[in-house]
Amino acid sequence: MASGQPPAQGYLMYVWNDGFYGKNKLDIAVAVKEQEGGPIGVDHTLKEDYQNNNFFKGQGDKGQEGNNNGDRIRKRGRNLQPPTSSTWCPGTDPAYFDETAYPQCFDENWDSKVKRRHLWGAVRTSVPSERRVTHILLSRISDIVADAGPGSFACQAVGTDTLRATLREARAPTVNVQVYALFSIDDEAFSEADKVPDVVAWNQYCANCPNERFDGVAINNERFTTKKCNADGSEEFILDRLWDARLAADAGGLKLHMSIGWHWGWCSVGDGVLNNIEWAPPGSPSVVKPANEHFIDIADSVDVQVSWNTASTMATRATKAGAAYAATEGKPFWVLAYTNPSSEDCRFTFFPTVGGCSTGDRTMEGLWNAFDQMVDGGFVADPVPAARGGIHYFRGVYGTGLSDWPNLYGPNVIPYLCAQKEGIKISSSQPLFGRDRKHEQEEIAVGGDKGNIP
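Just so we're on the same page, my numbering is the position in the sequence shown counted from 1, plus 650.
Hints may be right or wrong, so weigh each one.
Straight-line distance between alpha carbons at most 25 Å, and here's what the computed SDA-like set of lysine to any residue pairs gives [unchecked claim]: (1) K939 to G902; (2) K765 to I1064; (3) K878 to A974.
Please keep in mind that the hints were generated in silico from the structure rather than gathered at the bench.
Sequences are here, hints too, so could you generate the full structure?
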C-alpha cells in the first residue's frame, strides 16, 4: 500500500462490472447533490421534495412555503429525467435481480463518487475489524489499462481519471483497502496472462503517484474445470500460462491472485481419486502433486469457489481445495460465497431466492455466521481456521437494501492528492474534495523523486 501499512488479511470482495442499483429516494437525492457540486449528502429538504412529488416537476411548480423546489432540483439535477418503465427500476425485490429482464435496475459499480460511497461503505474501518474487507478485485479496467504506456498519447482512455480517483480513495485512512485489477476473459488461451503487463504499464506510466497504483492482478479463468484429468497437455498449458502471469507480475512488483475450483485437485471426489499433475516452472525439476497445490504454489493468494451456502459444506470443500496446504505455504486463502442469483441451484448462493430454498440462512447475517462457523467451528466438524471469507459479489445482493441485506453507504471519502509535476509533494493531510479545497495549493517541495509522492 502506498499510504501507511497494508491491512492485515481480512475478507475479499469481487467488484464486477455491474451491480444492482434499484433506484430509491436516497440515491436520487445524493446524485443531485453530487451533480450540484456541493458537499455530498442528503438534506431534509431534498428528501421532502421527492416525497412531496416536487422532484421531477417543471418550472413553476412550488414546494412548501413557496419555494420553487421542483425547478431548483431540476436545474441542479440537469441530467436526471422523470422515471419511465424503461429507465426506472420497479423496486428492490428478488424478482428484479435479472439484468436481462430489468437492465434499468443495474449500473456500474464504481464510475461515480456516489457509487463508490456504496463500495467504501462495505469495506471501511467502521465495521468490526474481524469482518473487514481488506482486498477488492476490480473489474472493467481492461480497456483503460490497455492504453497505458509512455508518451503523450497514452493514458488517455475513457475512464482513466475515474480509475485514478477510485485508487486514491481506496488508500484513504477510512478505507485502506488493497485493489487488484481483475481479468476474467475465460478463454482457451488463458489470455488473462497477457493483460498483466498492461497493469504494470499503468502503474509505471499512468499513475501520478503510488496511491494511483494497483497492488496486484487477479485472474478468474475457469477453463480448468473442463480440462482437468485430461492427458492432452491442456492442464499443463494452463499452469504454464499462469506462470507467464507470475513472471509478468513479478517484473512489475505486483501480487498475483488466482480463483480456483474446489474440485480441481480431484478426478473423482467421491472415490478419492486425486488429480495429480507432473509440472514445474521452466528450469526446475518437475513435481507431482494435486492441481490445486500447483495453483497455490504459483499464485501469491487464491480464492476457492465452493458453490454452497452452509458452513459445513463450505469448510469441507475448502479443505479438499487445499486450505491446509495454503496455510503451510503462508498463502492467503479465501473461501468464496456467492451472493448473486443462481439459475442452476439455489443452494449455490446466499441470494434470497424467490419461493425459498431448503438450505442456508440467506441473509447478510447468515453469510457472516457461515464464515465464522467455517473458520471457528461451531456446527462444523472440520473447520478451516486459516481461511477467510470472500464475497461474490458486491451488489449481487450484498449492500443493495434488499430485505436482510442492508444498503451499505459510507460517508464521503477524502482521498489524498497526487502532485501534478515532478519535484512537488502535496501534504498528506490535504484532501482532494470537500471544504478543504483551499488547502490544495499548500505544496511542499521535495527532491524530485516521483516515487516519494504519497
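(Q) Please verify whether K939 and G902 have alpha carbons no more than 25 Å apart. (A) 29 Å, violated
Q) Does I1064 lie within 25 Å of K765 when you go C-alpha to C-alpha? A) Judged against 25 Å, a Cα distance of about 15 Å means the pair holds.
Q. Hey, K878 versus A974, does the alpha-carbon distance stay inside 25 Å?
A. 21 Å, holds
Hint check: a violation occurs at hint 1 only; the rest are consistent with the structure.
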